[in-house]
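Peer 1: Each chain, letter by letter, is given below.
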Amino acid sequence: MTTAIPARSGAVEAGAAAPAPVRAARGGFGRFLIRRVLQALAVILVVSVIVFALLHALPGGPARGVLGQQATPEQIAAFEAANGLDQPVVLQYLSFLGRSLTGDLGESYLLNQSVSDAIALRLPKTLLLTGLSLVVAVLVAVPAGIYQAVRRNRAVDYWLSTLAIVAYSTPTFFLGMLLILLLSQNAGLFPAAAPQGTGIAEVLAQPAGLVLPVLTGAVPIVATFSRYMRSSTLDNLGEDYVRTARAKGTAYRRVVLRHVLRNSLTPVVAMLGYYLPVMFGGALVVEQLFNYPGMGLLFWSAAQSSDFPELLGCVLVISVATVVGSLLADLLQALLDPRTRGGLR
Amino acid sequence: MSDVVLRIADLNVTFDTDSGEVPAVRGIDLEVRRGRVVALVGESGSGKSVTSLSVLGLLPATARVSGSVELADGEALRDVVSTPEEQLVDLRGRVASMVFQEPMTALNPTMTLGDQVAEAVLNHERVPRALARERAVELLRSVGIPEPERRAGQYPHELSGGQRQRVVIAVALACEPRLIVADEPTTALDVTVQAGILDLLRELVAQHDTALLLVTHNMGVVADLADEVAVMSGGRIVEHGPVEQVLLAPAHEYTRALLDAVPAAPPASTVSVGAGSVGAGSVGAASVGAAAPPAEGPGDDREIVLDLRGVSLEYRVQGRHVRAVENLDLTVRAGEMLGLVGESGSGKSTAGRACLGLLAPSEGEVLLLGTSVARARGRARRRLLADVGVVFQDPGGSLDPRRLVGESIAEPLAIHGRDGRRLSPAEKRARVRELLDAVRLPAGAERRYPHEFSGGQRQRIGLARALALRPRLLVADEPTSALDVSVQAEVLQVLRDLHAELGFGCLFISHDLGVVHELTDRVAVLRSGRLVESGATAEVFSAPRELYTAELLASVPTPDPVAQRERRAARLRLAGTGGDL
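Protein chains in written order, with the working numbering: chain A, 58 to 402; chain B, 19 to 599.
No lab work stands behind these hints, which were simulated from the structure alone.
Since we're looking at a predicted model, the values are computed, not measured.
None of the hints are false.
Computed Cβ-Cβ distance ranges for the label pairs, DEER-style:
#1 A:Asn243 - B:Gly38: 51 to 59 Å
#2 B:Gln105 - A:Gln96: 53 to 61 Å
#3 A:Asp214 - B:Arg82: 20 to 28 Å
#4 B:Arg399 - A:Phe230: 54 to 62 Å
#5 B:Asp455 - A:Asp214: 47 to 55 Å
#6 A:Asp214 - B:Asp34: 13 to 21 Å
#7 B:Gln105 - A:Arg208: 21 to 29 Å
Glycine included, every Cβ here is placed at the ideal spot set by N, Cα and C.
Use the sequences and the hints to build the structure in full.
Peer 2: In structure tokens, the structure reads:
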């Protein structure tokens with residue numbers, strides 16, 4: 058089965074078919090967008106307040122976390138004075154908010170660099186890794202799900218289902234080690250470590266190193282998405298419009314690729330929106346396993362050491378991604394399904 | 019013999035299920051000739067839909083088929099049963115095509131209407147896409163879709179049910195097949211819309227000399243359209259002949275029973291009288307909405323159990339208020355049956371919800387036994403609503419599938435008790451048995467689950483539950499619309515007997531004018547949320563004051579082919595006098 062063609066032709070159709078109704082509702086669409094962006098900002102604001110408050114509720118506060126159990130009260134007081142932690146919480150929050158509007162997320166306590174620099178360094182690498190995993194996963198899961206639905210309850214369906222359950226229930230670290238053992242140690246096909254280097258260009262220069270991390274990230278997503286795609290396709294194959302399409306002499310293959318595919322993609326697209334925060338948050342286990350310092354490791358180390366500004370920065374990035382992800386999912390869904398466009402007005 | 023477009027010989031269809039083989043069609047023979055309309059009638063499970071699907075080889079994979087289904091392709095006859103799927107694709111749509119029951123779901127929601135019609139053309143002809151699109155627009159025009167150029171770029175959800183069915187017909191017509199199989203093509207539609215679709219089918223068949231295999235349970239539709247009728251029961255054709263003979267002088271007892279169960283539509287002649295009066299220049303009567311106050315018998319002093327006073331009802335749809343019912347006045351007295359009729363979207367079910375206290379009126383008052391439902395709170399409200407029973411349309415969905423029938427019926431007893439005290443388990447059991455007996459279900463039914471019963475039995479269980487507390491008012495919302503006619507007749511008989519015995523007031527909501535005509539004392543006609551007309555059922559139906567009522571009545575097909583011809587003529591005359599339908 059050709060994997061890329063169905064998805065691409067579906068997208069082209071959507072693009073070709075969409076203009077008329079969307080144009081009719083364009084004024085409404087602009088309003089919808091503005092409303093959603095305002096909603097998004099409100100959500101991000103609320104999240105930042107909650108995180109700020111929670112961090113301040115930590116016993117000992119960031120100073121104890123950074124300086125360790127042996128720190129004297131004088132050292133702690135000096136640290137707090139130096140980092141403005143002796144100010145009232147509300148003032149601290151307001152100054153954080155003011156600075157972050159200009160892109161200044163503060164200085165990391167530990168890394169000796171600004172938070173925005175630390176994120177700017179790691180975010181592209183994480184986006185590359187998880188983005189590739191997601192693309193690979195979708196390209197495998199969508200055709201696999203359709204194939205299973207068309208061959209439902211036959212041997213191939215059972216085998217793929219079993220495989221999906223195994224893949225889904227295998228812990229990521231174990232899967233990663235297994236892949237390293239089989240494909241790197243034994244077969245020697247790919248390196249066991251991810252590409253090193255600070256810039257994205259350096260990473261891209263060593264594509265072989267990306268194979269195992271991307272695979273490790275993709276397998277669990279394939280397992281989930283193919284299940285969704287299978288059940289969604291099965292639902293649609295039972296719909297009346299499939300019978301109508303067949304009754305006018307449309308070949309079964311075409312019924313599946315032209316009629317069923319687009320209708321079945323809607324729930325999967327909704328899922329995709331929820332994977333965007335994962336892409337920004339990074340996959341901690343994969344990054345640790347393949348020694349690939351991305352957002353996941355950054356978040357982890359910040360949490361471990363109470364690196365207060367770093368933590369806030371990471372949470373902010375992830376909450377933005379969450380909100381943008383659900384917005385994108387809504388828009389994609391509207392593109393796929395004209396019925397949901399009414400809700401955009 | 020070259021006239022034959024479909025010949026079914028000794029067709030047997032069996033389904034493989036977990037509980038063994040289930041025969042659906044048992045050896046039927048049927049022939050359809052060019053330009054003829056052959057109706058295949060029967061109740062659910064008779065095998066008529068399976069037969070229709072086998073004509074295009076669209077049966078599911080679990081079906082085992084034997085015998086032959088031959089379609090005329092040019093001079094040759096091609097057997098669908100023995101033809102492999104790859105070659106069937108070439109026959110479907112070109113030689114024979116199909117129109118389905120559910121216009122709401124029969125079209126792909128994510129493809130434009132124009133593309134869906136054009137696809138039918140492109141499946142069988144090597145023409146440029148642009149040309150196929152033009153053809154699609156022409157086809158949409160020919161089935162009576164207004165502004166076909168614009169509609170072609172729209173999606174199914176932007177059209178009404180009737181218009182979608184027209185699009186499905188356009189798809190079926192695309193390659194000018196010699197046979198169209200129409201499986202319940204108007205069952206999901208309102209009567210006035212149904213009348214339009216039937217007109218369209220009749221016109222198309224006459225124009226193109228296409229044969230039509232019409233599958234339906236509606237004898238009125240048969241009388242309106244068919245030349246021949248084949249009656250199916252238990253997978254066999256029990257009677258087959260010209261429409262006049264089968265409908266007017268049925269030979270087989272099953273056909274007779276089926277026809278007897280059809281509720282009598284108001285007689286055709288009376289519709290003409292009503293139509294005549296409209297035609298005679300009573301222009302004022304045509305002003306829909308200026309309804310006369312509900313006519314009540316002058317000496318009627320029975321207690322008013324339900325009183326709607328100037329009730330308006332609204333829904334919120336995406337932040338906007340949509341008015342479903344406007345300034346509605348209705349009364350139901352104890353022991354009386356009021357029919358509330360109207361087409362989909364007329365607000366009749368919304369009005370029913372308000373009577374159950376499920377929806378608060380935005381204006382006006384709903385009085386149950388003289389007390390305002392909206393103002394009652396807490397215990398008083400619950401006690402008030404205990405006096406209202408309700409039966410819903412879907413007999414399957416309104417019973418908890420995981421609960422024994424006896425438990426479902428006893429639930430209102432457990433909640434409300436009787437005369438302010440709780441009932442003992444023995445008392446509850448006795449009452450449940452009494453109720454099951456009243457709706458004529460066998461002893462022991464209370465210890466079974468809903469899925470073990472047929473649709474008609476489940477609806478009677480629903481009725482038993484509704485009557486458990488001896489309500490003063492029963493709201494029945496399309497209680498028999500999902501049932502076969504013979505089953506409907508049974509359920510209605512039970513309802514009628516219980517009504518006579520228990521003397522509750524009944525608000526009977528229905529789109530089926532025949533049922534309302536048979537069952538109710540008074541009737542109220544709703545249109546777009548407004549009361550059009552109300553009065554004694556016999557009077558309203560025999561001499562409607564409003565044009566809309568007259569048109570509604572004339573749209574109901576009667577199972578008498580001769581009378582139906584007159585009716586159709588009367589309806590078309592009516593439409594000619596300026597009806598806005």
